[in-house]
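> Now for the letters of each chain:
2 protein chains.
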Amino acid sequence: MLSHLFHVSLAVLFCVASVEACADEKLSEGHANGKTRTNVVLILIDDLGWNDLGCYGSKYYRTPNIDALAKGGVRFTDGYAACNVCSPTRAAILSGKYPARLLLTQWLPSGRWDATKYRMREARYLSNLPLEEITVAEAMREAGYRTAFMGKWHLGTETYYYPEHQGFDLNVAGRDYGAPGSYFYPFEGKWRIPTTGKVLEKKSPLNGKAGDYLVDRLAEEAEKFIVSSKDEPFFLMLSHYAVHSPLQGKPDKVKEYEKTPTKKQQGKPHYAAMVESVDDSVGRVMRTLQRLKLERNTLVIFTSDNGGFAKATDNSPLRANKGSNYEGGIRVPVLMQWPGHIEPGSICREPVISNDFYPTILEATGIEAKPFQHLDGMSLMPLLSGDGEFARDALYWHYPHYNQHPQSFPSGVIRDGDWKLIENFETGDLQLYNLAKDLGENQNVAQQNPRLTANLLAKLKRWRNSVNADPMLKNPQYQIKKKTPK
Amino acid sequence: MLSHLFHVSLAVLFCVASVEACADEKLSEGHANGKTRTNVVLILIDDLGWNDLGCYGSKYYRTPNIDALAKGGVRFTDGYAACNVCSPTRAAILSGKYPARLLLTQWLPSGRWDATKYRMREARYLSNLPLEEITVAEAMREAGYRTAFMGKWHLGTETYYYPEHQGFDLNVAGRDYGAPGSYFYPFEGKWRIPTTGKVLEKKSPLNGKAGDYLVDRLAEEAEKFIVSSKDEPFFLMLSHYAVHSPLQGKPDKVKEYEKTPTKKQQGKPHYAAMVESVDDSVGRVMRTLQRLKLERNTLVIFTSDNGGFAKATDNSPLRANKGSNYEGGIRVPVLMQWPGHIEPGSICREPVISNDFYPTILEATGIEAKPFQHLDGMSLMPLLSGDGEFARDALYWHYPHYNQHPQSFPSGVIRDGDWKLIENFETGDLQLYNLAKDLGENQNVAQQNPRLTANLLAKLKRWRNSVNADPMLKNPQYQIKKKTPK
Numbered sequence: 000m001l002s003h004l005f006h007v008s009l010a011v012l013f014c015v016a017s018v019e020a021c022a023d024e025k026l027s028e029g030h031a032n033g034k035t036r037t038n039v040v041l042i043l044i045d046d047l048g049w050n051d052l053g054c055y056g057s058k059y060y061r062t063p064n065i066d067a068l069a070k071g072g073v074r075f076t077d078g079y080a081a082c083n084v085c086s087p088t089r090a091a092i093l094s095g096k097y098p099a100r101l102l103l104t105q106w107l108p109s110g111r112w113d114a115t116k117y118r119m120r121e122a123r124y125l126s127n128l129p130l131e132e133i134t135v136a137e138a139m140r141e142a143g144y145r146t147a148f149m150g151k152w153h154l155g156t157e158t159y160y161y162p163e164h165q166g167f168d169l170n171v172a173g174r175d176y177g178a179p180g181s182y183f184y185p186f187e188g189k190w191r192i193p194t195t196g197k198v199l200e201k202k203s204p205l206n207g208k209a210g211d212y213l214v215d216r217l218a219e220e221a222e223k224f225i226v227s228s229k230d231e232p233f234f235l236m237l238s239h240y241a242v243h244s245p246l247q248g249k250p251d252k253v254k255e256y257e258k259t260p261t262k263k264q265q266g267k268p269h270y271a272a273m274v275e276s277v278d279d280s281v282g283r284v285m286r287t288l289q290r291l292k293l294e295r296n297t298l299v300i301f302t303s304d305n306g307g308f309a310k311a312t313d314n315s316p317l318r319a320n321k322g323s324n325y326e327g328g329i330r331v332p333v334l335m336q337w338p339g340h341i342e343p344g345s346i347c348r349e350p351v352i353s354n355d356f357y358p359t360i361l362e363a364t365g366i367e368a369k370p371f372q373h374l375d376g377m378s379l380m381p382l383l384s385g386d387g388e389f390a391r392d393a394l395y396w397h398y399p400h401y402n403q404h405p406q407s408f409p410s411g412v413i414r415d416g417d418w419k420l421i422e423n424f425e426t427g428d429l430q431l432y433n434l435a436k437d438l439g440e441n442q443n444v445a446q447q448n449p450r451l452t453a454n455l456l457a458k459l460k461r462w463r464n465s466v467n468a469d470p471m472l473k474n475p476q477y478q479i480k481k482k483t484p485k
Numbered sequence: 000m001l002s003h004l005f006h007v008s009l010a011v012l013f014c015v016a017s018v019e020a021c022a023d024e025k026l027s028e029g030h031a032n033g034k035t036r037t038n039v040v041l042i043l044i045d046d047l048g049w050n051d052l053g054c055y056g057s058k059y060y061r062t063p064n065i066d067a068l069a070k071g072g073v074r075f076t077d078g079y080a081a082c083n084v085c086s087p088t089r090a091a092i093l094s095g096k097y098p099a100r101l102l103l104t105q106w107l108p109s110g111r112w113d114a115t116k117y118r119m120r121e122a123r124y125l126s127n128l129p130l131e132e133i134t135v136a137e138a139m140r141e142a143g144y145r146t147a148f149m150g151k152w153h154l155g156t157e158t159y160y161y162p163e164h165q166g167f168d169l170n171v172a173g174r175d176y177g178a179p180g181s182y183f184y185p186f187e188g189k190w191r192i193p194t195t196g197k198v199l200e201k202k203s204p205l206n207g208k209a210g211d212y213l214v215d216r217l218a219e220e221a222e223k224f225i226v227s228s229k230d231e232p233f234f235l236m237l238s239h240y241a242v243h244s245p246l247q248g249k250p251d252k253v254k255e256y257e258k259t260p261t262k263k264q265q266g267k268p269h270y271a272a273m274v275e276s277v278d279d280s281v282g283r284v285m286r287t288l289q290r291l292k293l294e295r296n297t298l299v300i301f302t303s304d305n306g307g308f309a310k311a312t313d314n315s316p317l318r319a320n321k322g323s324n325y326e327g328g329i330r331v332p333v334l335m336q337w338p339g340h341i342e343p344g345s346i347c348r349e350p351v352i353s354n355d356f357y358p359t360i361l362e363a364t365g366i367e368a369k370p371f372q373h374l375d376g377m378s379l380m381p382l383l384s385g386d387g388e389f390a391r392d393a394l395y396w397h398y399p400h401y402n403q404h405p406q407s408f409p410s411g412v413i414r415d416g417d418w419k420l421i422e423n424f425e426t427g428d429l430q431l432y433n434l435a436k437d438l439g440e441n442q443n444v445a446q447q448n449p450r451l452t453a454n455l456l457a458k459l460k461r462w463r464n465s466v467n468a469d470p471m472l473k474n475p476q477y478q479i480k481k482k483t484p485k
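Protein chains in written order, with numbering that gives the first Met the number 0: chain A, 0 to 485; chain B, 0 to 485.
To be clear, the hints were calculated from the coordinates, so they are not data collected in a lab.
Ideal Cβ positions, reconstructed from N, Cα and C, are used throughout, including at glycine.
Please note that the accuracy of each hint is not assured.
Pair by pair, the computed Cβ-Cβ distance ranges are [to be verified]: (1) A/365 - B/439: 55 to 63 Å; (2) B/370 - A/197: 24 to 32 Å; (3) B/470 - A/473: 38 to 46 Å; (4) B/258 - A/197: 46 to 54 Å.
Listed next, the in silico BS3-like pairs over lysine-lysine satisfying Cα-Cα at most 27 Å (straight line) [claimed, not checked]: (5) A/197 - B/202; (6) B/116 - A/369; (7) A/197 - B/201; (8) B/458 - A/460; (9) B/460 - A/202; (10) B/197 - A/202; (11) B/189 - A/201; (12) B/436 - B/460.
Counterexamples of contact, computed for chain B against chain A with all Cβ distances above 10 Å [unchecked claim]: (13) 64; (14) 120; (15) 170; (16) 189; (17) 377; (18) 403; (19) 460; (20) 469.
With the sequences and hints as input, model every part of the structure.
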């Protein structure tokens, strides 16, 4: 029904520069044999905000290497993480499915929040990415790729859910927890799980020597892997622990950012230093590809797992931050570079989401699609090449949980064209925004648009049914508590 | 609709000996204050078959102490485990909920079975008992009870899901795995997870000295706890690792059972020796209660987490074994003793299930019910005391998984009165049995009773909806594989 209200978006309408010139070259290279096979480097940053990069408009953070990626390829203005917190987005990238379909809708291991404080009971959710999922890494390994994972994993509490059991030949530093004990060697530390009060002793995820900085160490390992794989097709997932807390930048960089007057700082100097270190690592990876003459033969994808952390950066003009379903929590940088296939400096305004990378990578590398697996993703190749239609109906989010980030509440979201509807699971309240006119989500126009609101809500509910999303239920303990004191 | 077809069962109709004489005594003792509060000892055996006890008819296994429990209290003929494998039943005992409602429907950590071999995709399931659940131990601890857990836990892969985080003051030997490495000290050993191929190094769950036998060590710890708690109300959950594999009996006992000719053995001599050791442990616990004059003030519950293991014992006249939804997989011994409250030597034919223990314990101890928590259990007090009605409609099972036990297939079950309907999730086939006439489930009478079959199926489906059971879906990888070879 609602599809009549909105124009189905076509790649050619949205992407500023389409790349018809590349079609022949792509064909001549071929996809499926020997040394001409396309490598893939997927760089995933943790908690990097949408406008924390020069190429997305930041005047504060210095990110020349990442900006160069944007110049050399395509920048998506409306890139989205599949969730406003980390683990579900990671699961979506690896599986090609919405977190709701996976039943992996909350960060891990989140334990329980106060049992009596909240009006609703959180939905049931898994605490690991099931081994049944054929991850993008498994698909590529099966097709003959060398696969490596480096950095933050955060998708399972037991060792047999680690990257080496999910398709990666090599796992460097990927384990159960979502942040290192420290960014300085030996990267250890203690952490109190906020929901259980238990203190977790974080062991060193990686070797090194005194003074080593984790971002640099991962870059070094990434370079090593690329060098050792130069004669074979490879898939590298460089998943930085940065720029997640603990906020610990390299001292010399921190000093530089402290020079900016506090009022003019977009984020904390330590955070800024971490962003710059991540940028350095991207420079190292790209220079290694160039030096080995692999750059033209490598699809590089750069993204983040959720919006910027409230205590670290400023996400304006977007509303809110990590942990919230407003744009500040879910809109993230998405850049792709693939010389000869993607027009340099192009900008794409089509909404895309974490689930899309999997089928995109398969199509780019000439590996057969796995439609039974990446059910909720769409190959972005038509957008990248300007060739073919890209006709998605809408994007969806399902966050039936609580967290302690500002402006967060349990909610479901549909983005359909320029419209975004947010359903508050506690109150049933509906918020409708027109993102084209109101990127900051300041004007809730649900009351002015009752029919559209009802239609979008119905569509959101149909989607929830279709992916078998687990619902929130009323918390009976909350009700009981309320009775006693009065 | 269907409730018209069957008589709702009333306690007084089913329990052979009702215990009206006890009503006054019960009242005079009171339930809620000081030293007269009722203690609870819940003894849970792993994989003990329905007729593996003298009091259930075995002529082979020697279980005088457990038989004495039956003589001193009530024996349920139609006691059921909430699942045909262990972890879900354990979750049901602790939470008072059906495994399907918990979304904890498979043993842990079961990993994945062959992705292409099976027609259906297993339902999504949790790999730990969520901390949000207010377990029976938490409820009792809140009410001032000392709580202790000993033995097999098997409800979570991380330490913060262990008994000490689920309401138990004391945890002896309870951890993530479901069987010890060895039953002899230091109880260590290696185990290959059948689904992942990973080898798990099982550390010693308990101290001891050379030659110590795990069943005895747990009995010793149970005695210690009872002695130290004699002046306070206590809840002890003695959850034996036995009689689960590895089948390792004490040598002297094994020798005795080996004397029986093989053809006359109901099970393996090692298994029989383990059953007898469990019986010894029950004797030790009961003698400790007697010595401390706590017996009259203690409700003892004895049960098993699923039917007998095919390679260990013979479950006939029941069909099949552990892992199957036939009676041999889910019908288990259930005994309760509480002098002065339960008529000695009584037999109860009312179907009861693991979920029922939680509300039963709360009522017996005078602790307020938690209807928001033990949603799927019913207090058995009317059956125990002969006082009041016990009107349950039906019992249900949901096993949307595969395992390697004989006669197992993914299935749902409803038992309504004497009728039992099994729905095969792969094929949709329906099996209907009248358990009163056909305990061995030999005659599928579904075709002769189409209306009853349809009604029971509809009722089963309504129940699945009501508990938000996760469904099996077709396995698209299975279909794809089938196409290729032909």
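> Give a verdict on every hint.
Hint-by-hint comparison with the structure:
Checked against the given bound of 55 to 63 Å, the beta carbons of residue 365 of chain A and residue 439 of chain B, roughly 57 Å apart, stay inside it. For residue 370 of chain B and residue 197 of chain A, the hinted distance range of 24 to 32 Å is satisfied, since their beta carbons lie about 30 Å from each other. For residue 470 of chain B and residue 473 of chain A, the Cβ-Cβ distance of about 24 Å falls outside the hinted range of 38 to 46 Å, so the restraint is violated. Between residue 258 of chain B and residue 197 of chain A the beta carbon distance is about 52 Å. The supplied range of 46 to 54 Å therefore holds.
Restraint check: the Cα-Cα separation between residue 197 of chain A and residue 202 of chain B comes to about 22 Å, which is no more than 27 Å; the hinted pair holds. At most 27 Å may separate the alpha-carbon atoms for a hinted pair to count; residue 116 of chain B and residue 369 of chain A meet this at roughly 17 Å. Taken as a hint, the residue 197 of chain A and residue 201 of chain B pair is honoured in the structure, with Cα atoms around 23 Å apart against an allowance of 27 Å. Between residue 458 of chain B and residue 460 of chain A, the direct Cα distance comes to roughly 25 Å. Compliance with the 27 Å bound is thereby established for this hinted pair.
Restraint check for residue 460 of chain B and residue 202 of chain A: not satisfied, since their Cα atoms lie roughly 48 Å apart, outside the 27 Å limit. Distance hint between residue 197 of chain B and residue 202 of chain A is fulfilled; the C-alpha atoms sit about 22 Å from each other, no more than 27 Å. Restraint check for residue 189 of chain B and residue 201 of chain A: satisfied, since their Cα atoms lie roughly 26 Å apart, inside the 27 Å limit. About 26 Å separates the Cα atoms of residue 436 of chain B and residue 460 of chain B, which keeps this hinted pair within 27 Å; it holds.
Non-interface call for residue 64 of chain B relative to chain A: holds, since the shortest CB-CB distance, roughly 38 Å, exceeds 10 Å. Remark: the non-interface label on residue 120 of chain B conflicts with the geometry, its nearest Cβ contact in chain A lying 7 Å away (cut-off 10 Å). Residue 170 of chain B, annotated as away from the interface, keeps every beta carbon of chain A farther than 10 Å; the closest lies near 14 Å. Distance check on residue 189 of chain B: its Cβ is at least 14 Å (rounded) from any Cβ of chain A, clearing the 10 Å threshold; non-interface status holds.
The claim that residue 377 of chain B is not at the interface with chain A holds, since no C-beta of that chain comes within 10 Å of its own (minimum 18 Å). Separation of residue 403 of chain B from chain A is adequate, the least Cβ-Cβ distance of about 17 Å exceeding the 10 Å criterion. No Cβ of chain A comes within 10 Å of the Cβ of residue 460 of chain B; the nearest lies about 15 Å off, and the non-interface call holds. Listed as a non-interface residue, residue 469 of chain B fails to keep its Cβ farther than 10 Å from every Cβ of chain A; the least gap is roughly 7 Å.
The structure fails to meet hints 3, 9, 14, 20 from the earlier list, while all remaining hints are met.
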